[in-house]
Amino acid sequence: SQKIEQNSEALNIQEGKTATLTCNYTNYSPAYLQWYRQDPGRGPVFLLLIRENEKEKRKERLKVTFDTTLKQSLFHITASQPADSATYLCALVTGTASKLTFGTGTRLQVTL
Amino acid sequence: DTAVSQTPKYLVTQMGNDKSIKCEQNLGHDTMYWYKQDSKKFLKIMFSYNNKELIINETVPNRFSPKSPDKAHLNLHINSLELGDSAVYFCASSPRQGHQETQYFGPGTRLLVL
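In order, the protein sequences belong to chains A and B. All residue numbers for the first sequence refer to this note's numbering, where the first residue is 15 and numbers rise by one. All residue numbers for the second sequence refer to this note's numbering, where the first residue is 1362 and numbers rise by one.
Source of the hints: derived by calculation from the structure; they are not laboratory data. Be careful, since some hints might not be right.
To be verified - Here are the computed lysine-lysine pairs in the DSBU-like style, where the Cα-Cα straight-line distance is at most 30 Å:
(1) 1402/B x 31/A
(2) 1405/B x 113/A
(3) 85/A x 1383/B
(4) 73/A x 1413/B
(5) 1401/B x 85/A
(6) 73/A x 1402/B
(7) 1370/B x 31/A
(8) 73/A x 1397/B
(9) 113/A x 1383/B
(10) 1405/B x 77/A
(11) 1370/B x 113/A
(12) 71/A x 1402/B
(13) 1401/B x 31/A
(14) 31/A x 1432/B
(15) 1370/B x 69/A
(16) 1432/B x 1370/B
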């Protein structure tokens, strides 16, 4: 069966450290993978998109990798700040209809 | 300046009632979506419309009926509400249909069925 799993439900790290979130999938062949951030009581907000033929994508303190052999994406936040505390969702893009299939999400808590 | 707006924000109703949720986007996008986020925060696509045409229809009970009067609006009507329909419903839009398209989400409608 098809599954998208994000490493843990919650991740606690100290301010200034690098947070690494994992997204693993099975029985999908995504053309693209997206990462979204969701704050409590709000809708998800797009962060980054990476294509199947790209190994890595960066945007400011964010970095995403995509390994189609391992069927895994890693999402890194460097020099993390308390304001980075949120739930992060990976989403696979498959088919021609822009269908996003979301992972279970990881709640990141950055403490002082 | 709200890009994707939904009404109402909260909806509390009794089992068996019929209710509607409205969504509007002012981004000029062609494609709109409805998602359901359950109590475990799992976000799942329900429907998608591209230029008023239904393009994604996941396995959703036929008590749920989307309607797109124009490409800026996508409404969701739910008949005979059940306890299991309690969730947060998100509307989203994207510029067009396609793999590279970022989706822009509304603030959500919190539905509680008693």
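How the hints compare with the structure:
As the CA atoms of residue 1402/B and residue 31/A are separated by approximately 26 Å, the hinted pair is consistent with the 30 Å bound. A threshold of 30 Å between alpha carbons decides the hint, and for residue 1405/B with residue 113/A the separation of about 10 Å falls inside it, so the pair holds. Taking the CA atoms of residue 85/A and residue 1383/B, the gap is about 37 Å. The hint is violated against a cut of 30 Å. For the proposed pair residue 73/A and residue 1413/B, the alpha carbon gap of about 34 Å is over 30 Å, so the pair is violated.
A C-alpha spacing of about 24 Å is found between residue 1401/B and residue 85/A, which places the hinted pair at or below 30 Å, so the restraint holds. Restraint check for residue 73/A and residue 1402/B: the C-alpha separation of about 26 Å stays at or below 30 Å, so the hint holds. Restraint check: the Cα-Cα separation between residue 1370/B and residue 31/A comes to about 36 Å, which exceeds 30 Å; the hinted pair is violated. Note on residue 73/A and residue 1397/B: the hinted pairing holds, with a Cα-Cα distance of about 29 Å set against a maximum of 30 Å.
With a C-alpha separation of about 21 Å, the suggested pairing of residue 113/A with residue 1383/B holds against the 30 Å cut-off. About 25 Å separates the Cα atoms of residue 1405/B and residue 77/A, which keeps this hinted pair within 30 Å; it holds. A threshold of 30 Å between alpha carbons decides the hint, and for residue 1370/B with residue 113/A the separation of about 25 Å falls inside it, so the pair holds. Distance check on the hinted pair: residue 71/A and residue 1402/B sit about 27 Å apart at the alpha-carbon level, within 30 Å; holds.
Distance hint between residue 1401/B and residue 31/A is fulfilled; the C-alpha atoms sit about 28 Å from each other, no more than 30 Å. Using a Cα cut-off of 30 Å, the hinted pair residue 31/A and residue 1432/B is violated, with the two alpha carbons roughly 44 Å apart. For the proposed pair residue 1370/B and residue 69/A, the alpha carbon gap of about 40 Å is over 30 Å, so the pair is violated. Between residue 1432/B and residue 1370/B the alpha-carbon distance is near 21 Å, which keeps this suggested pair within the 30 Å criterion.
Of the numbered hints given earlier, the model fails hints 3, 4, 7, 14, 15; all others are met.
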